[in-house]
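Novice: Residues per chain are reported as follows:
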Amino acid sequence: MRFLVIFIFSFYLFADVDATIRIEKDVESRSRVAIIDDSVGVSPNINSKFFDILLADLKISGHFLADKTHYMAKGSDFGNKDYIIKYRFSIEDSASLNIQLIEVSSNKQIMSKNYNIPSFSKYPFLAHQAVSDIYQFLKYPSISWINRYIVFSRYTSKKQSEIILSDYTMNYRKVIISGGLNLFPKWADKEQRNLYYTSYNSLIPTLYKLNIYNGSKSKIVSSEGMLVCSDVKGSKILVTMAPNGQPDIYEIDTQSGVKNRLTSFSGIDVKGRYVDDGDSMIFVSNPLGSANIYKKSLYGSSISQLVYHGKNNNSCDAYGNKIVYSSRETKSGYSQNRFNIYLASSNGYNTKPLTSTGSNQLPTFSSDGSVVLYVKSRANSSSIGYINLKDLKTVQFPISGRKIQSLDW
Amino acid sequence: MKLKIFIIAISIFFIGCSDKKKVKPSNVTNSSETITIDGGVSSENTGSSAAGYNNSYGGLDGSSGGLKSIYFEFGQYSISSDMQERIDQNSNIIKNKNKIKLEGNCDEFGTDEYNFALGLKRAKAIKDDLIAKGVNESKIIMISLGESTPLCRDTTDECYAKNRRVDFHIVN
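Chains as they are written, first to last, in our numbering: chain A, 1 to 409; chain B, 1 to 172.
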C-alpha cells in the first residue's frame with residue numbers, strides 16, 4: 001500500500017514529462033523531506049512562489065522525496081521524514097532567507113545559513129543557492145548548475161527581439177538588450193560575466209562581447225550575410241559566418257584576431273561545438289539534402305557522419321565525449337512534427353532517447369554535463385525542461401511569451 | 001564570526017551594486033545606446049532597426065522600391081523557374097541603382113541558426129543569378145533574417161510559403 005501511495009505521488013510529481021522517464025523503483029532509498037514555512041509578513045502569492053521554487057529545486061535530482069505540502073511552522077507530525085527544511089523568507093528593500101536543515105531522527109538542526117540578495121526580483125536565486133548548499137552539505141552530487149543564469153533571445157515583432165536573463169525556472173527574468181534585432185546570445189566565460197551576441201541592426205551583422213555587469217562592449221567581428229557564435233573555449237570561439245555569402249564554420253582567436261576556416265562544403269555548415277578534448281567539433285550540415293550531425297577534427301579534413309536516423313537533425317550540443325541532438329521523426333515539414341532528443345557518445349555510438357513525445361528542441365548540456373536542458377513546444381505554449389542524465393528525472397517550467405530563438409546557460 | 005563572513009560573502013556573490021546609474025557603452029563610438037546598470041546586470045537598448053534601405057514598401061510583399069520578392073520551396077534554396085520573370089524585372093530596376101540589399105527569410109520550422117544559413121543560401125542564389133544577368137556584384141549586399149521577419153503568422157501552408165522568400169531593398 002505504501003509503495004502504491006509513493007508510486008502515485010511520484011507519478012503526479014513528474015506528470016507531463018517525457019515518456020522515457022522511468023517510474024522510479026528506488027523511492028525508498030531517497031531522503032524524505034518536508035518544507036516548513038516560517039516566514040513572516042511576506043505576501044501569500046510571493047511566498048507560495050518561493051515555496052514552489054524550493055520544491056522544484058529539491059525535485060531536480062533523485063535524492064529527495066519532497067513532500068509537496070506547504071507546511072506552516074506548527075502542528076504537524078514529521079516522524080515519517082528524514083529531514084525537515086525550515087525557512088524564513090523576508091522582503092524589505094532586499095530579499096533575505098534563513099534556512100535550517102533538521103535531521104528528524106535526532107531532532108537536531110544540522111545546518112543553518114543566511115542569505116541576502118540586494119535585488120528583490122532575484123529572490124529565486126536565494127532558494128537555488130540554499131538548496132544547492134544543502135546538497136553539498138549532505139554530500140550529494142552537486143546541483144550547483146541551478147545557480148546559473150540562462151540567457152536567451154526571442155522575437156518580439158518583425159525585426160525586433162530581446163535578450164533576456166533568467167534563472168533556470170524562468171521565475172526571474174530581466175530583459176538586458178532590447179530594441180532592434182539582437183540574437184544568438186552565448187556566454188563568453190564560465191563565470192557568466194560576459195556574453196557574445198549578434199547585432200543585425202546595420203547592413204552587416206556584427207558580433208559583440210558585452211560585460212553584463214558594467215556595460216562595456218567590444219566588437220569581435222563582422223560578416224556579410226549571417227554571424228552566430230556557436231561555442232566558446234577560452235579565448236577561441238566557433239562562429240558561423242559568411243564573408244563571401246557562403247555559411248561556413250570558423251574558429252576565431254578573439255585575442256589575436258586570427259581566423260581559421262574549418263568547413264568548406266558548398267551547402268550549409270552551422271552550429272559548431274567543441275567536442276572530446278576540444279580538438280574536434282560536431283556541427284550541422286546538409287550534404288545529403290537535409291540537416292544532420294557530423295564531426296571533424298579542427299586540423300584535418302576528414303568528416304564523419306554521426307547520426308543515421310531521423311528526417312532532419314538540426315540542433316546539437318557536446319560535452320566532453322557526449323553529444324545530444326534533436327531529431328525530427330515525422331515526415332511532414334510542417335507543424336505537429338515530433339522532435340525527440342537523443343544522447344550519444346561523440347563517435348555516434350550508444351545512442352539513447354531522452355524524450356519520446358512532442359516537439360523537443362535546442363538540447364543544451366549544463367556546465368557540468370550532468371543535465372540536459374531542452375525546449376518543449378506545444379500548440380500554443382512551450383516549456384523549458386531539464387533531464388538529469390544520471391536518473392533521467394525531468395522537470396519542466398512553462399515559458400510565457402513568444403518562443404525562444406536561441407539560448408545558453 | 002564564520003556566519004558573518006558567510007553572509008557578507010553570499011551578499012557579494014549575489015551581485016552587489018544596487019544603485020541604478022546610466023553609462024555610455026565604453027567601446028561604442030557615435031552611439032545613442034544607453035546601458036542601465038541595475039543590480040549588477042546591465043540593460044541595453046539598441047534603438048530601432050537602423051537598416052538604411054528605402055522602406056517605403058512600394059514594392060510587393062516584403063520588398064520595397066518597386067522590386068518583387070522571390071519565393072522558395074520548403075527547405076530549398078534553388079530558384080524555381082516560375083520566379084525567373086520576377087528576377088528579370090528586378091534586375092532591370094537594379095541596374096540603375098547604386099546598391100541593393102537582399103534579405104533572406106525562412107518559415108518558422110527548424111532551429112534558427114540553420115534557418116539563418118538557409119535564408120542566406122537563398123539570398124546567395126539570387127545574388128548569383130543577378131550577377132549572371134549583368135548586375136555588378138559590388139552593388140549587392142546580402143543579409144539573412146532567418147525567421148525574424150514573417151509576412152504571415154497563420155498556421156497554413158500558404159502562409160508558411162509567404163515567409164520563405166528573399167526580399168529586395170534599395171539602399172540609399
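Hints should not be assumed to be uniformly reliable.
As the list claims (entries may be wrong) - Covered by chain B, according to a simulated footprint, are these stretches of chain A (three or more residues, beta-carbon under 8 Å): (1) 158 to 164; (2) 176 to 188; (3) 200 to 211; (4) 223 to 230; (5) 239 to 250; (6) 282 to 294; (7) 312 to 325.
Unchecked claim - Computed footprint of chain A on chain B, listed as stretches where at least three residues anywhere in the stretch have a Cβ under 8 Å from a Cβ of chain A: (8) 143 to 152; (9) 161 to 171.
Said to hold, decoys possible - Okay, derived cross-link-like pairs now, DSS-like style, lysine-lysine, Cα gap no bigger than 30 Å in a straight line: (10) K95(B) to K159(A); (11) K159(A) to K97(B); (12) K139(A) to K59(A); (13) K86(A) to K97(B).
Worth flagging that the hints you see were computed from the coordinates, not collected in a lab.
All C-beta atoms, glycine included, are put in the ideal place defined by N, C-alpha and C.
Novice: Report the numbers of all earlier hints that the structure fails to satisfy, in ascending order.
Specialist: The structure breaks hints 9, 13; every other hint is satisfied.
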